[in-house]
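Enquirer: What follows is the residue order along each chain.
There are 2 protein chains.
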Amino acid sequence: MAKTRLYTPGPTPVPEQVMLAMAKPMEHHRTKDYRDMLARTTEGLQYVLQTKNDVLTFTSSGTGAMEGAIVCCASEGKKALVARGGKFGERWGQVCQAYGIPYIAIDVEWGKAVEPAIIEEQLKNNPDIGIVIVVHSETSTATASDIEAIGAIVAKTDALFLVDAISSAGAMPIKTDEWKIDVVVTGSQKALMLPPGLAFASVSEKAWKVIESNNPKAYYFDYRAYRKSLKKNDAPYTPALTLVRGLDVALSMIKEKGIENVWAQCAKLARASRAAFEAMGLKIYSSSPADAVTAVWLPEGIDEAELRKILRNEYGVHLAGGQAELKGKIIRMTHMGYVDEVDTMGALAAIEAVLLRLGHKFEIGAGLAAAQKILVESR
Amino acid sequence: MAKTRLYTPGPTPVPEQVMLAMAKPMEHHRTKDYRDMLARTTEGLQYVLQTKNDVLTFTSSGTGAMEGAIVCCASEGKKALVARGGKFGERWGQVCQAYGIPYIAIDVEWGKAVEPAIIEEQLKNNPDIGIVIVVHSETSTATASDIEAIGAIVAKTDALFLVDAISSAGAMPIKTDEWKIDVVVTGSQKALMLPPGLAFASVSEKAWKVIESNNPKAYYFDYRAYRKSLKKNDAPYTPALTLVRGLDVALSMIKEKGIENVWAQCAKLARASRAAFEAMGLKIYSSSPADAVTAVWLPEGIDEAELRKILRNEYGVHLAGGQAELKGKIIRMTHMGYVDEVDTMGALAAIEAVLLRLGHKFEIGAGLAAAQKILVESR
Numbered sequence: 005m006a007k008t009r010l011y012t013p014g015p016t017p018v019p020e021q022v023m024l025a026m027a028k029p030m031e032h033h034r035t036k037d038y039r040d041m042l043a044r045t046t047e048g049l050q051y052v053l054q055t056k057n058d059v060l061t062f063t064s065s066g067t068g069a070m071e072g073a074i075v076c077c078a079s080e081g082k083k084a085l086v087a088r089g090g091k092f093g094e095r096w097g098q099v100c101q102a103y104g105i106p107y108i109a110i111d112v113e114w115g116k117a118v119e120p121a122i123i124e125e126q127l128k129n130n131p132d133i134g135i136v137i138v139v140h141s142e143t144s145t146a147t148a149s150d151i152e153a154i155g156a157i158v159a160k161t162d163a164l165f166l167v168d169a170i171s172s173a174g175a176m177p178i179k180t181d182e183w184k185i186d187v188v189v190t191g192s193q194k195a196l197m198l199p200p201g202l203a204f205a206s207v208s209e210k211a212w213k214v215i216e217s218n219n220p221k222a223y224y225f226d227y228r229a230y231r232k233s234l235k236k237n238d239a240p241y242t243p244a245l246t247l248v249r250g251l252d253v254a255l256s257m258i259k260e261k262g263i264e265n266v267w268a269q270c271a272k273l274a275r276a277s278r279a280a281f282e283a284m285g286l287k288i289y290s291s292s293p294a295d296a297v298t299a300v301w302l303p304e305g306i307d308e309a310e311l312r313k314i315l316r317n318e319y320g321v322h323l324a325g326g327q328a329e330l331k332g333k334i335i336r337m338t339h340m341g342y343v344d345e346v347d348t349m350g351a352l353a354a355i356e357a358v359l360l361r362l363g364h365k366f367e368i369g370a371g372l373a374a375a376q377k378i379l380v381e382s383r
Numbered sequence: 005m006a007k008t009r010l011y012t013p014g015p016t017p018v019p020e021q022v023m024l025a026m027a028k029p030m031e032h033h034r035t036k037d038y039r040d041m042l043a044r045t046t047e048g049l050q051y052v053l054q055t056k057n058d059v060l061t062f063t064s065s066g067t068g069a070m071e072g073a074i075v076c077c078a079s080e081g082k083k084a085l086v087a088r089g090g091k092f093g094e095r096w097g098q099v100c101q102a103y104g105i106p107y108i109a110i111d112v113e114w115g116k117a118v119e120p121a122i123i124e125e126q127l128k129n130n131p132d133i134g135i136v137i138v139v140h141s142e143t144s145t146a147t148a149s150d151i152e153a154i155g156a157i158v159a160k161t162d163a164l165f166l167v168d169a170i171s172s173a174g175a176m177p178i179k180t181d182e183w184k185i186d187v188v189v190t191g192s193q194k195a196l197m198l199p200p201g202l203a204f205a206s207v208s209e210k211a212w213k214v215i216e217s218n219n220p221k222a223y224y225f226d227y228r229a230y231r232k233s234l235k236k237n238d239a240p241y242t243p244a245l246t247l248v249r250g251l252d253v254a255l256s257m258i259k260e261k262g263i264e265n266v267w268a269q270c271a272k273l274a275r276a277s278r279a280a281f282e283a284m285g286l287k288i289y290s291s292s293p294a295d296a297v298t299a300v301w302l303p304e305g306i307d308e309a310e311l312r313k314i315l316r317n318e319y320g321v322h323l324a325g326g327q328a329e330l331k332g333k334i335i336r337m338t339h340m341g342y343v344d345e346v347d348t349m350g351a352l353a354a355i356e357a358v359l360l361r362l363g364h365k366f367e368i369g370a371g372l373a374a375a376q377k378i379l380v381e382s383r
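First to last, the protein sequences are chains A and B. All residue numbers for the first sequence refer to the numbering used here, where the first residue is 5 and numbers rise by one. All residue numbers for the second sequence refer to the numbering used here, where the first residue is 5 and numbers rise by one.
By construction, these hints were calculated from the structure, which means they are not laboratory data. Hints may contain errors.
Remember, identical chains collapse to one label, so a pair may be satisfied in a single copy or spanning two.
What the hints assert, rightly or not - Straight-line distance between alpha carbons at most 30 Å, and here's what the computed DSS-like set of lysine-lysine pairs gives:
#  : residue 1 : residue 2
1  : Lys232    : Lys259
2  : Lys259    : Lys313
3  : Lys213    : Lys179
4  : Lys28     : Lys261
5  : Lys333    : Lys377
6  : Lys56     : Lys221
7  : Lys210    : Lys232
8  : Lys28     : Lys7
9  : Lys313    : Lys261
10 : Lys313    : Lys377
11 : Lys377    : Lys365
12 : Lys331    : Lys7
13 : Lys179    : Lys7
14 : Lys377    : Lys7
15 : Lys184    : Lys261
16 : Lys7      : Lys272
Here chain A stands alone, though its shape is the one from the complex (with noise of 0.2 Å):
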């Protein structure tokens, strides 16, 4: 009777109103009524971006959309730079290598911030840099990079500035425009409280005019294709509607609710687990740690696989571990989309009980009064 409370970091739950858009009959999407759908979801698309580009909309994962961005924008003789601080940066260089596209990486220790001032000196010394491509939210180690100062950087160049926003966009504050950011990629399944098989990117005018000079080896996710037909609110391709409409309700609520709002809650459930956990007397993994995801080291002697099983049968509660070299040493639990203080609350309670039944000492109750010390004063 366990039920299944995901504290993933994507998916994350869906809002059951969502869930019931998306139940409805099917319908065509070269309707009015698609085109009417993809013009107001492509206006809340930019309102999470703070963002007056284009925003296209992709049915794939954010993994496609990225490829897509940085296979258009990267020009015939020019590199990319690329920062690598954990899985998901290692990926962008594998794109990268996959098209033969030259490029430079920085690599970053798991759980540090990308340094603006190494993007700044790569930048100075290579001037064929032609895109910096930066996660956000480095899901993998649950690390967030200070995009608003790189976005300054960047900007004084001719590069162009292709930020991974996968698992910030509408957790954490992005501010597309006032950032400088050239391209932000996200997906669904995160902060926009969705299932997974969309991925969204702004484009800027400055990437724009590289995109469409550019002759990209792309087809599916060539960008041109879907700016043309962003015009008359279509989609080049046949969309994911049933996802699309789920998009239309899940926006609406995050309008209603304000996105000031949405980043501060999720800043809050961030900062009263992390505070839980290290009450537990665990150490949280990242320096530079994301509102997203918490990653948390275990403590000696407490097995990953059997405190995430505990976790899921017993509790219904859902975490992640971690991954590459960080498996069986770590565990995820996000802060972003449809979860609350209860969600929150209740998932810490859990880990607590499980964790002190697997043998870690703590005083009982510790984690949960350090959180609701937190989410009372912060109210």
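Based on the hints, put chain B in the right spot on chain A.
Expert: Showing chain B alone in chain A's frame:
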């Protein structure tokens, strides 16, 4: 964006498996499929009520089935003995009154259990008592009475023992046959994890003998019609088919978990919640608290309506207030049905936070720690 989380003592949360089963296309009820389903649900209800007796299914609230029990079991020239220790005990007196059934009321102080000795004394002094009506878990006061002890007393007489188990069956141990209960009435929207709309009654052979020889002023709630139909696994009048379909799923969930485990979970959540409230400096209302629901006195200066409104609007936590003379004085929180430790700790965290905000003084996290202690120790 506040979620709807019912912690009210009915309706309670409905599992999505149940909701999805009820959302399937409509079928007809005069079919083999329906009869097979009713055979399964009847067997499942016998398991929940721990009885070999017939269990009848009514499309009504619990009140309807209870009215039917009283009217069908009341014989000409005999009296009813009604234990009144709350709103529901009073209601069964009102039913007697409406039908002109003479009755003796035992008025129990609200929040206290019915004394078996008083029942015994009344039965001794009034040999013309035909039915004894006791509420197992008085929802209005969150108070439990000792049905086993009273059952043993009534069984020694010719009187029938009618138990309102509307908010106890499936939440607290009830052993119909072992405890010699003639009629047990319950409803769908409590521990059975269904929406409102169905009521159930188990009927002993001793009761059938009386019912069959009576000529009750009843048609829709004439138990004889339901018994006749039940022999063919059928319903006398159009049944609420989707609710029976949901019942089929809910009962299979209870069976899979095991009724003893369901009872144990409810008791554990109740114990943890009572400990939390006491640690927050709140007093438990009942001196014989039911495990299905907890009622607590509100501290001086805390406005019940305001407390519940903030919990509802900001946390999505729906509690019940007091009824009748307890309006504005107590809050009530359920432990039955589809609520678990994560739900309970989440709700207690919200209640703690709001009590602190409204100025009630206690150490932050004290309630949570007290509940966590119970949960950790009883694993």
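Enquirer: If a hint holds in the structure, say so; if it doesn't, say that too.
Expert: Outcome of the hint check:
For a Cα distance limit of 30 Å, the shortest separation of lysine 232 from lysine 259 inside one copy, 27 Å, qualifies, whereas the shortest one across copies, 58 Å, does not. Within a single copy, lysine 259 and lysine 313 get their C-alpha atoms only as close as 36 Å, which misses the 30 Å cut-off; across copies the closest is 23 Å, which meets it. Only within a single protomer do lysine 213 and lysine 179 lie at most 30 Å apart by alpha-carbon distance; the minimum there is 21 Å, versus 77 Å between protomers. Taking identical chains as interchangeable, the C-alpha atoms of lysine 28 and lysine 261 lie at most 30 Å apart only when both belong to the same chain, with a minimum of 25 Å there against 33 Å between chains.
Taking the shortest Cα distances, lysine 333 and lysine 377 sit within 30 Å of each other both inside one copy (28 Å) and across copies (27 Å). Taking CA atoms no more than 30 Å apart as the test, lysine 56 paired with lysine 221 passes inside one copy only; the shortest distance there is 28 Å, against 73 Å between copies. Proximity of lysine 210 and lysine 232 under a CA criterion of 30 Å is satisfied intra-copy only: 17 Å inside one chain copy versus 80 Å between copies. For the homomeric pair lysine 28 and lysine 7, the shortest alpha-carbon distances inside one copy (24 Å) and between copies (21 Å) are both at most 30 Å.
Taking the shortest Cα distances, lysine 313 and lysine 261 sit within 30 Å of each other only across copies (18 Å), while inside one copy they are farther apart (35 Å). When the C-alpha separation of lysine 313 and lysine 377 is checked against a cutoff of 30 Å, the pair qualifies both within a copy, at 29 Å, and between copies, at 22 Å. Both within a single protomer and between protomers do lysine 377 and lysine 365 lie at most 30 Å apart by alpha-carbon distance, with minima of 21 Å and 14 Å respectively. Within a single copy, lysine 331 and lysine 7 get their C-alpha atoms as close as 25 Å, which meets the 30 Å cut-off; across copies the closest is 33 Å, which misses it.
For the homomeric pair lysine 179 and lysine 7, the shortest alpha-carbon distance between copies (28 Å) is at most 30 Å, but the shortest distance inside one copy (36 Å) is not. With identical chains, the CA atoms of lysine 377 and lysine 7 are at most 30 Å apart both within one copy (27 Å) and between copies (23 Å). Taking identical chains as interchangeable, the C-alpha atoms of lysine 184 and lysine 261 lie at most 30 Å apart only when both belong to the same chain, with a minimum of 26 Å there against 56 Å between chains. With identical chains, the CA atoms of lysine 7 and lysine 272 are at most 30 Å apart both within one copy (25 Å) and between copies (18 Å).
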